[in-house]
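Asker: My request is simple: use the sequences and hints to build the entire structure.
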Amino acid sequence: MKLAVLGAGKIVNEFLPEAKKIPGLELAAIYGRRREVLEPIAEEFDIPRVYTDVDECLADPGIDTVWVAVPNTLHFEFSRAALLAGKNVICEKPFVLESAQLETLAELARERGLILVEAITTVHSESFGYLRDLLPSLGTLKLLSSEYAQYSSRMDAFRAGEPLHPSFDPAHGGGSLMDLGVYAVHVIVGLLGQPKAISYAPNIERGTDTSGVLTLEYPETTAIAVFGKDCDGPNRTILRGLDGYALCSAPPNELSGVVHRRRGEEEQVWEPAPQSHRMIAEFVEFERLIREGDLAARDRLLEHSAIVVGVLEAARRSL
Numbered sequence: 278m279k280l281a282v283l284g285a286g287k288i289v290n291e292f293l294p295e296a297k298k299i300p301g302l303e304l305a306a307i308y309g310r311r312r313e314v315l316e317p318i319a320e321e322f323d324i325p326r327v328y329t330d331v332d333e334c335l336a337d338p339g340i341d342t343v344w345v346a347v348p349n350t351l352h353f354e355f356s357r358a359a360l361l362a363g364k365n366v367i368c369e370k371p372f373v374l375e376s377a378q379l380e381t382l383a384e385l386a387r388e389r390g391l392i393l394v395e396a397i398t399t400v401h402s403e404s405f406g407y408l409r410d411l412l413p414s415l416g417t418l419k420l421l422s423s424e425y426a427q428y429s430s431r432m433d434a435f436r437a438g439e440p441l442h443p444s445f446d447p448a449h450g451g452g453s454l455m456d457l458g459v460y461a462v463h464v465i466v467g468l469l470g471q472p473k474a475i476s477y478a479p480n481i482e483r484g485t486d487t488s489g490v491l492t493l494e495y496p497e498t499t500a501i502a503v504f505g506k507d508c509d510g511p512n513r514t515i516l517r518g519l520d521g522y523a524l525c526s527a528p529p530n531e532l533s534g535v536v537h538r539r540r541g542e543e544e545q546v547w548e549p550a551p552q553s554h555r556m557i558a559e560f561v562e563f564e565r566l567i568r569e570g571d572l573a574a575r576d577r578l579l580e581h582s583a584i585v586v587g588v589l590e591a592a593r594r595s596l
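Here the working numbering is used: the first residue of the sequence shown is 278, the next is one more, and so on.
Mixed in with the good hints there might be a few duds.
Unchecked claim - For lysine to aspartate or glutamate, the following EDC-like pairs were computed, each having C-alpha atoms within a straight-line distance of at most 20 angstroms:
no., residue 1, residue 2
1, K298, E562
2, K419, E494
3, K298, E320
4, K279, E569
5, K287, E320
6, K279, D330
7, K287, D433
8, K297, D323
9, K298, E564
10, K473, E497
11, K298, E403
12, K279, E333
Claimed, not checked - Restraint-style ranges between C-beta atoms, simulated for each label pair:
no., residue 1, residue 2, range
13, G406, E320, 21 to 27 angstroms
14, K287, A550, 25 to 31 angstroms
15, D323, S414, 42 to 48 angstroms
Derived from the structure by calculation, the hints contain no laboratory data. Note that beta-carbon positions come from the ideal geometry of N, C-alpha and C, so glycine has one too.
Answerer: Written out as structure tokens, the structure reads:
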């Protein structure tokens, strides 16, 4: 996988030190608006080519895949351009802002035989796989809750009335639902699929949902996602079934060990294999998808992401 990184923000700088740990991943290029920002990054991480023109970057024959890590409102535009240029696309969460946008991208990917996936750590983690496999042993699931509250480093400036940062601006796909709640929604949808009803109760400041509770109704289960940029944890995911429960005491973007117990049995503790960073597992899987051309797995992931995008879109209508 010869990867072009589109963007130079926080998530990019968090991932690049880990990139060399992923077999088969080659950092081929980086794109951004300011060369003076990009060149030190490229030098530090041995990225051979720097672009400030995205079309030039996408025309590079030495690139087969792009990682779209630009602001949320640009995800659709950049992903579409990359697919039209014949590149596989890994797009940061939230994938896109509207279901119609994802349908357009998915159609392009299928027409051209390209891989298109959402970069979401949750569903690619070993811990998520364990929860999914554990689910039947808990009996009929009655309640599922996934919680992610983290007081934002930008909250004080936001409350002081400073201009909205994109991560707080609903017009730019910001707010707690799209920034933090998306992880909890991926957990819920990954375990339970398409909900039959959706309701969102946000706390609003300056027109932004700074925290909220999203309820997803299923035939036998009520699931809630609790998230906030204006408060702190504890962060956890809890599954409560007729026959037992499971608890993961970690935020849904970084699921960790699981404590679980069936009624009448001893509590059990499971721990995943240690990893240096939460993003490694997803990129290992993306490299495999692209190397093997696994279109069936691509379609399964797109189906999952389509449900998530639909849930987020429905919730945002209430803002």
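Asker: Against this structure, judge whether each hint is valid.
Answerer: So, going through the hints one by one against the coordinates:
1. For the given pair, K298 sits about 13 angstroms from E562 by alpha-carbon distance, which is consistent with the 20 angstroms threshold.
2. Restraint check for K419 and E494: satisfied, since their Cα atoms lie roughly 10 angstroms apart, inside the 20 angstroms limit.
3. A distance of roughly 18 angstroms separates the Cα atoms of K298 and E320; the hinted pair therefore holds under the 20 angstroms criterion.
4. Using a Cα cut-off of 20 angstroms, the hinted pair K279 and E569 holds, with the two alpha carbons roughly 14 angstroms apart.
5. With a C-alpha separation of about 17 angstroms, the suggested pairing of K287 with E320 holds against the 20 angstroms cut-off.
6. Restraint check for K279 and D330: satisfied, since their Cα atoms lie roughly 18 angstroms apart, inside the 20 angstroms limit.
7. At most 20 angstroms may separate the alpha-carbon atoms for a hinted pair to count; K287 and D433 meet this at roughly 19 angstroms.
8. For the hint pairing K297 with D323, the CA-to-CA distance comes to about 10 angstroms; that is within 20 angstroms, so the pair holds.
9. Proximity of K298 to E564 is assessed by CA-CA distance (about 12 angstroms); at most 20 angstroms being required, the pair is judged to hold.
10. Of the pairs offered as hints, the one joining K473 and E497 holds, with about 11 angstroms between alpha carbons and a cut-off of 20 angstroms not exceeded.
11. Distance check on the hinted pair: K298 and E403 sit about 17 angstroms apart at the alpha-carbon level, within 20 angstroms; holds.
12. Under the criterion of a C-alpha separation no larger than 20 angstroms, the hint pairing K279 with E333 is consistent with the structure, at around 16 angstroms.
13. Checking the proposed 21 to 27 angstroms range against G406 and E320 shows it is violated: the Cβ atoms sit about 38 angstroms from each other.
14. Taking 25 to 31 angstroms as the suggested C-beta distance range, the pair K287 and A550 conforms, at roughly 26 angstroms.
15. Take D323 and S414: their Cβ atoms lie about 47 angstroms apart, and the range 42 to 48 angstroms holds.
Consistency with the previously given hints fails for number 13 only.
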